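**Q** Spelled out, the chains give:
Protein chains: 2
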Amino acid sequence: MADEAAVRAQAEAVRRLKQDKADPDEIAKEVAKLLEMKAQLGGDEGKHKFVLKTPKGTRDYSPKQMAIRERVFNAIITCFKRHGAEVIDTPVFELKETLTGKYGEDSKLIYDLKDQGGELLSLRYDLTVPFARYLAMNKITNIKRYHIAKVYRRDNPAMTRGRYREFYQCVNDRRILDGMFAVCGVPDSKFRTICSSVDKLDKMPWEEVRSEMVGEKGLSPEAADRIGEYVQLHGGLDLIERLLQDPKLSQNKLAKEGLGDMKLLFEYLTLFGITGKISFDLSLARGLDYYTGVIFEAVLLQQENDHMEESVSVGSVAGGGRYDGLVGMFDPKGRKVPCVGVSIGIERIFSILEQRVEASEEKIRTTETQVLVASAQKKLLEERLKLIAELWDAGIKAEVLYKKNPKLLNQLQYCEETGIPLVAIVGEQELKDGVVKLRDVATREEVNVRRESLVEEIRMRTSRS
Amino acid sequence: MADEAAVRAQAEAVRRLKQDKADPDEIAKEVAKLLEMKAQLGGDEGKHKFVLKTPKGTRDYSPKQMAIRERVFNAIITCFKRHGAEVIDTPVFELKETLTGKYGEDSKLIYDLKDQGGELLSLRYDLTVPFARYLAMNKITNIKRYHIAKVYRRDNPAMTRGRYREFYQCVNDRRILDGMFAVCGVPDSKFRTICSSVDKLDKMPWEEVRSEMVGEKGLSPEAADRIGEYVQLHGGLDLIERLLQDPKLSQNKLAKEGLGDMKLLFEYLTLFGITGKISFDLSLARGLDYYTGVIFEAVLLQQENDHMEESVSVGSVAGGGRYDGLVGMFDPKGRKVPCVGVSIGIERIFSILEQRVEASEEKIRTTETQVLVASAQKKLLEERLKLIAELWDAGIKAEVLYKKNPKLLNQLQYCEETGIPLVAIVGEQELKDGVVKLRDVATREEVNVRRESLVEEIRMRTSRS
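Protein chains in written order, with the working numbering: chain A, 1 to 465; chain B, 1 to 465.
For reference, chain A alone in the conformation it holds in the complex (with noise of 0.2 Å):
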C-alpha cells in the first residue's frame, strides 16, 4: 500500500500547489452558474434550441429493430442454455482502477464519468474484465456463465454492410504468436507491439504491416520478413503437425505448448463433426492485452454472386480467446482462474438481419396481441372496456382504441396494419343477444361465438398459428 499512498499524496500536494495560484474548483462553480443560466434561458425562451439527436455512436432501437434484435438475443441465448449456461449481471460502470491497466493501447478510448465528488467510474469496456472482478470479488473457480449487456468504446465504428453468406472461424493460440515472435528474432520487449501490428493484417495488407514494424516500432527487417512467412500460413491438423515438425518453432516451449493444445482442440472439433468450418491461421492476433493462450474470431463472408468468384470476408462479428492471468489480477494472493470466452458483436449481426428482412419485405410484428375489441355502432365505449377487461383478466393479450367512437372500419384497418389477427366486434344486436361478433382478419369471416366461449375461441384460434 506504500507506493500508492505515496503517488496520491504526491498527486494531492501538485494540486494544493496549483490551487494556491486558483481554485480550480471555483472556476468550476463559476462556469457551472453559467450554464445553468444558459440553461434556463433554453428552458424558457429557446425550447426548439436542443440538438435533437443522439450522442456519437449511440442509436435507437424502433419497435420494428426491436423485434428483430430480440430475434439474435432469442438465437443466442437458446444456444447458450443449451449449453447449461448461467447468466449474471454487471454495472454499467465501474471503479475507474478495475479498469486500468487491462486493455493496453485500447484504454484510450475508455469513457470516464466525470468527478462529481465520490468514487472515480468509468463505463465498462468489455464484460470480461468486470467478470474478472466479479469472479475474484466472490472468489468462483468454476462458473459457465453468459451476460448481455451494452459496452462502451470511445471509437469511430466503421460499420461494414454487405451481405453475407455464412461464418467461418479463425483460431489461433497467443502462446504459437509469442513462440513465432521469439523464433523470429523478435525481443521479448516488441511482442505485444508487434501483435498488435500483426492485428491489423485484416485491415491492411502485409506491405504496410511490415513497414509499421520496421519504420515505427523499430523491428528489424530479417524479424519482419520472417513473421511475413509465418503470418500466411492457415490451415487445419495438416499445418498444426508440420509446425510441430518445424525445425524452429518445435523448439520454442511456448509455441510447443501453444501447438499442442491447438491440435486436441481440432480433435475436439473432429467429434463435435465442425472442423469444416474452422482454420487455424497464424495472423489471427486479437487486439487486447490479457489474451494467454487460444484466441478465436468469427467472420462472415460475402454472399456470392455473378460477379465475385470468391468468397470475400467482411468483417468479423465475435471473437474471443482465454484470458488465464485476469482474475488472479484482482486476487490478494494473485491466485490465477483459468477463463475462456466469446463475444459477440450483436450490432453488426443485427444490422445484416435488419437488411436480409428488409430485402424480403417480411412484414414484422412489433406487438402480440391476439384480439382487438371494436364496436360497430357509436356509444359502445362502456362496453369495450367491459369486454376487454374480462379478455385481459383471461390473460387474453388485446387491445382497445382510445377514441370514444371510432369507425369500424378504422378500428379493421389497425388490426391490417399491426397484424392483430382477430376482432371481436360489440354491437346492439350482440349484446343482446349474449353474442360477440369473432372476425378473422385474414379471411373477414365473421361469426356470432356466446360471450362465456369467447375467450377459449380466441386461444384456440391464436394456438394454431
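Just so you know, the hints here were simulated from the structure itself, not pulled from any lab data. Quantities reported herein were computed from a predicted structural model and do not represent experimental measurements. Among the hints, a few may not be true.
Note: identical chains are not told apart, hence a pair may lie in one copy or across any two.
Claimed, not checked - Once the Cα atoms are required to be at most 20 Å apart in a straight line, the calculated PhoX-like pairs of lysine-lysine come out as:
#1 Lys363 to Lys64
#2 Lys53 to Lys336
#3 Lys263 to Lys277
#4 Lys263 to Lys253
#5 Lys96 to Lys114
#6 Lys53 to Lys96
#7 Lys379 to Lys403
#8 Lys248 to Lys437
#9 Lys56 to Lys114
#10 Lys64 to Lys139
#11 Lys248 to Lys150
#12 Lys150 to Lys108
#13 Lys190 to Lys217
#14 Lys263 to Lys404
#15 Lys81 to Lys108
Since chain A is already given, all that's left is putting chain B on it; use the hints.
**A** Chain B alone, transformed into the frame defined by chain A:
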C-alpha cells in the same frame, strides 16, 4: 440563438481570465500523469492492491438473483404484452443538454461523463426524457411503448426491507394540487417548491413539512394550514364529488379540470372492477417537474402480523403520471404530444421477492439443462463428447463435466446440486448394446434407452415437468 451564444462567450471569458493565473488544463494533465504512474505501479507490482468492489449504489446479480429478476421481468413484460405494448431502446447516455432543465431540483443527481473531447454527455436519469426525445426526433405522436433498462442517479438510496402484503395505488392530479395551492394562497412562483415539500409527506410528519414550508420557503402560516387540511384527504368517487362542491376549489379552473378528469378516471376504474385498489390522495405530489396532470404511485403494504393492528405503507414500487409538455420541449415548433407513463422500481420488487424466496427455502434453478451426459467408467471422454454433440444438434439442453475421468458419484451429485433432472450414462456395455442408460435423478430409476430413441425420450420426460 443570440442569448445562448452570449452566455457561452461569457463563460469562455471567465475561463480565460482564470487561466491567466493558472491553467486548469495544465493541472489536470499533471494529475493525470501521476494517476497513470500510480496505475502502472498498481499494474506491475501492486496487483493485489485493487479495491475489490462495485461502485457505490450499484450491485452485481448472481445467477440465482438473475433467475429471480427474470421472474419479475417476465411478469411485467407479460402484462405489457397483454395490453399490446411495443418495446423500444435508447442509449444509456444522452447529450447533456437533452437532460438539462427537465428534472427541477433533482438535476444535481445526474451523472455526467467526463469531457474527453467531443460531445458533453450524461447518463440517463430516467426513461421518460429519452422517450420524449425519441418521440420528437421521430415525429411520433401515437405509441404505446415499454422500455426496460437501468437509469442512473447519484443518490443515497435507503432500501427499506420488510415483508409486504399487497399493492395499493394512490392517485392525484397536478392540476388539483396547483388549484389547491392557488386557493390556499400560495403565490404562483412557489407552486413547484411547495409541491416538493408536499412530496415529502410519505417520509416526514405534517409538522415538519409545514415548518419547511413556512420556515425555509417563506410561505404564510395561514396558507400552510389550509394546505394541511386538504392533504389529509383521501378517498374515492365520494371525495371527488365533495371537492367538486368545495366552495373554493370548485371556483378554480385548474382544480375543476383535474377533478373532472379524476371523476372520469374513477368511472373507468369501476368498469375495470379495480376501484378497491385505488385511493385518490391529495397528499400525493411526485418529485419530478414535468408532470402536468394525473399522477400516481403504487405502494406496498406491510404484511400484517400479531403485533400490528393496521397495515403500514413501506414504500413506493411504481409511480408515474401525465407529462403533456415534455415532448414539446424537444420539438422545433413546440408542438405538444400528450403522454402518460408509469415507471416500475424493479430493484425494490426484486429485493422483496429475493427475501421471500430465501424465507421459503425454495430451490431456484439457474440453468435449464435437461440432461447430464455422464460416463460410468474411465476413458470415455470421447464417447461423452460424441453423445452430447448429438443431443445439442437435436436441441436438447445438455451438459457434460469438463474432467477427463469424472467419478459417477460426482456426476450424479452435480445433477442434485444444479437441479438437472436426467442423466444419460454411457459405459462399455451400453456402447456395445447400442443403448444409453437414462437415470431419473429424483427417483433414481434407471432404464436402457436405444440410442436412436434417446432424444425423443428426453423430450417426453422433460416436457412433463
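**Q** Determine for every hint whether it applies to the structure shown.
**A** Cross-check of the supplied hints:
1. Lys363 to Lys64: within (10 Å within a copy, 38 Å between copies)
2. Lys53 to Lys336: Classified as between: cross-chain Cα gap 19 Å, same-chain 45 Å, threshold 20 Å.
3. Lys263 to Lys277: within (16 Å within a copy, 67 Å between copies)
4. Lys263 to Lys253: within (15 Å within a copy, 82 Å between copies)
5. Lys96 to Lys114: both (11 Å within a copy, 12 Å between copies)
6. Lys53 to Lys96: Result: close only across copies, 11 Å inter versus 28 Å intra.
7. Lys379 to Lys403: For Lys379 and Lys403, the Cα distance is within 20 Å only inside one copy (11 Å; across copies 71 Å).
8. Lys248 to Lys437: neither (83 Å within a copy, 49 Å between copies)
9. Lys56 to Lys114: Both: 18 Å inside a copy, 15 Å across copies.
10. Lys64 to Lys139: between (42 Å within a copy, 16 Å between copies)
11. Lys248 to Lys150: Neither way: Lys248 and Lys150 sit 43 Å apart in one copy and 54 Å across, limit 20 Å.
12. Lys150 to Lys108: within (18 Å within a copy, 26 Å between copies)
13. Lys190 to Lys217: Within one copy only: 8 Å inside a chain, 66 Å across chains, cut-off 20 Å.
14. Lys263 to Lys404: between (72 Å within a copy, 17 Å between copies)
15. Lys81 to Lys108: Close neither inside one copy (35 Å) nor across copies (42 Å); limit 20 Å.
This entry does not satisfy hints 8, 11 and 15, going by the numbered hints stated previously.
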